[in-house]
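Undergrad: Chain residues, written in single-letter form:
There are 2 protein chains.
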Amino acid sequence: MLEDTLKKMKKASVQLANADSHLKNKALDRMAELLKANQEEIINANKTDLEKAEREQLDPPLIKRLKFDAPKLDTIIHGLKDLIKLEDPANKVISKTLLDEDLILSKVSVPIGIIGIIFESRPDALVQIASLCIKSGNCAILKGGIEALNTNRILADIINQAILEVSSVFQDTIHLIERREDVHQMLAFNQYISLIIPRGSNQFVQYIQKNTSIPVLGHADGICHMYIDKNVNTKNAVAVTIDAKTQYVSVCNAIETLLVHADIAPLFLPELYKQLKDKVQLKGCKVTKTILPDIEDASEEDWLTEYLDYILSIKVVKSISEAINHINTYGSGHTDAIMTEHKDSVLKFKSLVDSANVMVNCSTRFADGFRYGFGAEVGISTNKIHARGPVGLEGMVIYKYLLEGKGQIVADYTGENAHRFIHKKIY
Amino acid sequence: MLEDTLKKMKKASVQLANADSHLKNKALDRMAELLKANQEEIINANKTDLEKAEREQLDPPLIKRLKFDAPKLDTIIHGLKDLIKLEDPANKVISKTLLDEDLILSKVSVPIGIIGIIFESRPDALVQIASLCIKSGNCAILKGGIEALNTNRILADIINQAILEVSSVFQDTIHLIERREDVHQMLAFNQYISLIIPRGSNQFVQYIQKNTSIPVLGHADGICHMYIDKNVNTKNAVAVTIDAKTQYVSVCNAIETLLVHADIAPLFLPELYKQLKDKVQLKGCKVTKTILPDIEDASEEDWLTEYLDYILSIKVVKSISEAINHINTYGSGHTDAIMTEHKDSVLKFKSLVDSANVMVNCSTRFADGFRYGFGAEVGISTNKIHARGPVGLEGMVIYKYLLEGKGQIVADYTGENAHRFIHKKIY
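Here the protein sequences come in this chain order: A and B.
Following this note's numbering, the residues of the first sequence are numbered contiguously, the last one being 435.
Following this note's numbering, the residues of the second sequence are numbered contiguously, the last one being 435.
Bound-form chain A, shown alone (with noise of 0.2 Å):
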């Protein structure tokens, strides 16, 4: 029973919750020789899945996804090892104040508890993901791909073994499920689960954050923008394009929708159109077309598409704001881009845009929590609270607040001759 289970984790997670950094760091380092040592049967039951996968025919992209082999593997303990260096996010003093003589507030960062993830087929993502719980103090569930069900479970062997080799306070903090009722019964938990991320298609995001009052952390839609601003080098501005549509198209954060500037628009386009015309298709609205004729019609509802694909609406704009309007309106408020060379529209650009990450004069591809710097990530949220754009271990931690005093009572601080608050912050 998976109630049996949380019980189980929720206790744990309160033991979890003060291991030393220097035990997790073990734990992780203990992960990364073990799955190496492993490395020949991990590959072994991917190739199982992978043969079934092929047997079934599921799409190509997919397959791709699921394979993992040995650089697959070197990079992951490659991530390991990089996580291990970075600071532990929890048990840090974040503020102190005095709030009166002898009584003082402190408010420190703890782990959140349990935290529920569903992945789909990479299965790369469940080690990721596991490390990062485990470097931040967090008991995790964790579903993956019924198509990587055999790499998963030797997967999350592995890192059991790892984990409880070095100590017992590891002891039911990595739980993977693996039926479909199994989810629906997590949804069901929120007196255990504190947040749930789910990582997959828009459909299936939207079907969890329908599905369940726990909250959730992540993104349904990436459908972002580049804008092509006035005053702007044509050359790179095309380059900036062409790498956030196509560099890796079905992603959340290439873009699905060009908006471009009428005054620069019968310079850019058909630059565009030249490099691009080969390898996507191009869709556009009625002023695009009369720069572009042979490209399609853009409707309303390509502004509302994330196609994941080799295909690229296209609007000319009058204004900057008219642009930033369009984002407003149509964004996912994940990821969208300006390119220009002027720098009234860049702090317009930055401070009007309502989005998770807002570009400026590069890709939408750097929105990601390598590139970021955090190390890893355990998905990218457009969410506005908590965390927002990609979530790191920052984002694994809230707070708690400690009071200590010499037995204050509130009744004195109430009322005529009250005693008054200091309120001093001390930290």
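I should point out that these hints are in silico values taken from the structure, not numbers from a laboratory.
Treat the hints with care, since some could be wrong.
The list cannot tell twin chains apart, which means a pair is met if one copy fits it or any two copies do.
[As the list claims (entries may be wrong)] 30 Å max Cα-Cα, derived BS3-like pairs, lysine-lysine:
#1 K243 with K414
#2 K414 with K356
#3 K358 with K34
#4 K218 with K16
#5 K80 with K243
#6 K18 with K356
#7 K93 with K115
All values reported here derive from a predicted model rather than from experimental measurement.
Keeping the supplied structure of chain A fixed, place chain B upon it in accordance with the hints.
TA: The following block gives chain B in isolation, referenced to the frame of chain A:
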């Protein structure tokens, strides 16, 4: 239509997010002036509500909370003046990282956007919440209790008049809704509203949590505990217990269950009984009843009950571990206290009690935004993401990432001969 209002608010929220601190403070100052100038009209409107409440024979504590008189207005105006002095939480640079030459990542605090706040009878909550929203740069949809309809209307009118006199940037930022249907609609508009804060009864908060996919900040239960350790100054422990139970019984941070170490129980409980028996109904476990035979039995259900009344359940425990385990099992993660003179007990309690507020040698009643020095609070959260404990201005902002470059593309940072990131923290 609520959606039309929300569309306007969404546009307004982007402008408001960039309003400067001086302007927001000016709006708060004008609010204070106009509230004072309209004191008589406000009190008259409140009289209409009070008369209706009395005619309908509402509960006396509810009628008490509904009352809005000159001293209450003065407190509110004083609160506004205090709020003006607090630091603006928005548009602060949180960190800066050099990802590479000329590629700088900034993390900047920004308002959340549109917050929906539903509160019960106290009309002063309306002013407090609206002013916190203005100060932090958030738009607010406010729904007050039906019994305070007239008072809420005049307060909302005055607030809107005041802020609009200061600047048109405050247009469409504060909106009062009155109908239940509007609340239902509001809960469905996750494309506009980023956070719901419900303030009210357990049932009410649970209802909200179950009926929206918008993140909800707050708390349903406040099952708070006081644990009396074996090494304790009995007199002081009795005084703090009485304060925590009786200083204001109908609030979330009053204790519902008292846990007493078996070694001190024979000394402590009779003393507590002597001072509390006429005022508070005591219910005890079997061991408690061997010491206080006259009190009622406490059952399993008592450990799960938030009385919000002059009732206290008592359990004798064999160890601090049993006390902590009881708190983590039956508590609501709100506020829990220990009275002890033993350093190890302090350490254990602070690290192992998984609650928003952990109090050592002082009353649970201190868990409050004003007492903590936050100026005011929008509520107390038992969530384990975003904001926990009393939530002041800091809980009303999130951040966005700004990445500013000179035309960099991700393709240059991948594959062989890839550029390497610097990831140097510069702020």
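Undergrad: The structure should be examined with respect to each hint, and the outcome stated for every one.
TA: Hints versus structure:
For the homomeric pair K243 and K414, the shortest alpha-carbon distance between copies (13 Å) is at most 30 Å, but the shortest distance inside one copy (69 Å) is not. In the homo-oligomer, the alpha carbons of K414 and K356 lie at most 30 Å apart only across protomers (18 Å), although the nearest pairing inside one protomer, at 52 Å, exceeds that limit. In this assembly of identical chains, the alpha carbons of K358 and K34 lie at most 30 Å apart only when taken from different copies (25 Å versus 42 Å within one copy). For a Cα distance limit of 30 Å, the shortest separation of K218 from K16 qualifies both inside one copy, at 27 Å, and across copies, at 26 Å.
Within a single copy, K80 and K243 get their C-alpha atoms no closer than 35 Å, and across copies no closer than 65 Å, so neither meets the 30 Å cut-off. Taking the shortest Cα distances, K18 and K356 sit within 30 Å of each other only across copies (17 Å), while inside one copy they are farther apart (47 Å). Taking the shortest alpha-carbon separations for K93 and K115, both the intra-copy value of 25 Å and the inter-copy value of 22 Å come in at or below 30 Å.
The structure shown violates just one earlier hint, number 5.
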